[in-house]
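K.L.:
In the order they appear, the protein sequences are chains H and G. Residue numbering for the first sequence follows the working numbering, starting at 35 and increasing by one per position. Residue numbering for the second sequence follows the working numbering, starting at 327 and increasing by one per position.
Source of the hints: derived by calculation from the structure; they are not laboratory data. Fair warning: there could be bad hints in the mix.
[What the hints assert, rightly or not] If the Cβ cut is set under 8 Å, some of the chain G residues that face chain H in the computed set are:
no., residue
1, E410
2, R425
3, V457
[As the list claims (entries may be wrong)] Below, computed lysine-lysine pairings styled on DSSO-like, alpha-carbon distance capped at 27 Å:
no., chain 1, residue 1, chain 2, residue 2
4, G, K474, H, K155
5, H, K207, H, K66
6, G, K474, H, K66
7, H, K66, H, K129
8, G, K405, H, K183
9, G, K405, H, K155
[Stated by the list, open to error] To list a few chain G residues with every Cβ distance to chain H over 10 Å, as calculated:
no., residue
10, P362
11, L363
12, F372
13, K421
14, V437
15, P455
16, A459
17, R460
18, A493
19, G495
20, L543
21, G551
22, A554
23, I555
24, L564
25, G607
Bear in mind that the values here come from a model prediction, so they are computed numbers and not experimental data. For every residue, glycine included, the Cβ atom is placed at its ideal position computed from N, Cα and C.
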Amino acid sequence: MQILRRYWMLVLVSVLTGCGYNGIQTRDQAVKASWAELLSQYQRRADLIPNIVNSVKGETNFEQETLVRVIDARAKATSIQVTPELANDPAALQKFQQAQGEVSSAVSRLLAVSENYPSLKSNQGFQDLRAELEGTENRIAIARNRYIKAVEEYNVFIRQLPQNLTATVFGYKEKPQFAVENEREMAKPPTVDFGGAKK
Amino acid sequence: MRWWIASLALLFAIALPAARAADAARGADGLLLVPPLARVSDPGGFLAPADRAALESKLAAFEATHGSQIAIVMVASTKPEPIEDFAHRVGDAWKIGRRGIGDGVLIVVAVQDRTARIDVARRLEGAIPDVTARRLIRDQMAPHFASKDYAGGLTATLDALFGLIAAEGLAPGTGDAARGDRQHSAADGESAIRSLIPFIIAGVLLGALLRRLFGVLGTLLAAGGVVAIVAFVMSSLLLGAVAGLVVFVLTPFGGPMMMATQVLGGRGGGFSLGGFRSGGGGDFSGGGASGNW
């Protein structure tokens, strides 16, 4: 009996290592790590926005609509509770992505509009904030691509034999993917035309 | 078959600099291809050869003393791609910066776009924050670039970067930076000798042939040739002499030696003929800044 039990243990271990269980773990962790990185970059942006809004507020007759849009978009994005389940729920993920995309587009509009204010251009504090915000946007774009890649790798992996059997047994499901559209494209600065209104 | 590849690579290394493309190559999608790894990549020839050499040896010397790897890429334009995307592709492909440390910096200059970017690998984001990178572009690059003095702007930027990186207090360099650095310290022996392997293989091959034709004299000829080529390519007469001696000793054992080098070469994995080898540790995840002039 004892020998038989040992034999079964051996079979179980070799089945588990040969069935892609470890591979699933590795890829699942990679997805989690890149998700955490993306979230921390989003957070960094949310932290920077109040500063840049304040430095712009000092500018008299700054386009209020642009400013309000940034504040609203940030409020909306930060109001979404980021729980671990968020990344596994396609509808919630879609909502989250849309809210963050709106922040991107509002911020890039703010930065584009600020080009028209000479006093902001020569304001060192504003320029430093601008560099930080641009850097964060760039990091977000990269972190987002890395997340998409990690999810893709995971999804392809668990669909293949024999991992698909293992995944079913252990309850590993396919993860929802970000929409393919390029966030940088969404965040493209709009053309700003003051039509000589600003004196 | 490995020695075949190695000797072919040797041929290419000699022929390639002469046949350098006129401008940075683009792929089918119209985007710039990632250029071959180099300290200073300038296919468009925006830098005078002397300036380029000076920048290269400056970068090599810094890598030798401080270990951090910095590379410069000059292109005419990155359009239709934003400079950030191009820089990130290059950084992701080259991964410059020491393995285990990841201290790399990539400078991209798009001359016609009048845009530059300093891309900072994650390990150096503390030493070179985005704001500092932006200021470097504005204060060091832009004034020189405005008068088309690219070498001057890059030199000033590098000097500032060197100071920032040195202040970070990373592990010092191993003195390993082949081109432009003529004083090889003992510490870099292993990698220098590893990079000699292709020369030695080619030399032994040639030697075996010449030996059949001219006897011992042929072996000497092959050894002398290797000395000259290595000394020229790696700018070190000492390394050349070492390689020549090895060739001279090994040529009579040409056959068995092939087997040995196959094992050696297989383990060594990759060699650099231009002298610049990426540490492979740099993680470029978006740090740094861009700017115009």
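K.L.:
Each hint: holds or not?
P.N.:
Outcome of the hint check:
1. E410: holds (5 Å)
2. R425: violated (20 Å)
3. V457: holds (5 Å)
4. G:K474 to H:K155: holds (24 Å)
5. H:K207 to H:K66: With a Cα-Cα distance of about 14 Å, the restraint between K207 of chain H and K66 of chain H holds, given a limit of 27 Å.
6. G:K474 to H:K66: violated (47 Å)
7. H:K66 to H:K129: Distance of about 19 Å is within 27 Å: holds.
8. G:K405 to H:K183: The given pair, whose Cα atoms are some 25 Å apart, holds under the 27 Å limit.
9. G:K405 to H:K155: holds (25 Å)
10. P362: Since the minimum Cβ distance to chain H is about 23 Å, P362 of chain G lies beyond 10 Å and the statement holds.
11. L363: At about 21 Å from chain H, L363 of chain G clears the 10 Å cut-off, so the statement holds.
12. F372: holds (25 Å)
13. K421: holds (14 Å)
14. V437: Holds, since 21 Å exceeds 10 Å.
15. P455: violated (8 Å)
16. A459: About 7 Å separates A459 of chain G from the closest Cβ of chain H, which leaves it inside 10 Å; violated.
17. R460: At about 4 Å from chain H, R460 of chain G fails to clear the 10 Å cut-off, so the statement is violated.
18. A493: Answer for A493 of chain G: holds, closest chain H Cβ roughly 20 Å.
19. G495: holds (23 Å)
20. L543: Holds: least Cβ distance 59 Å, greater than 10 Å.
21. G551: holds (48 Å)
22. A554: With a cut-off of 10 Å, A554 of chain G remains clear of chain H, as the shortest Cβ separation is near 46 Å.
23. I555: holds (42 Å)
24. L564: holds (43 Å)
25. G607: Non-interface label stands for G607 of chain G: nearest chain H Cβ at 17 Å, farther than 10 Å.
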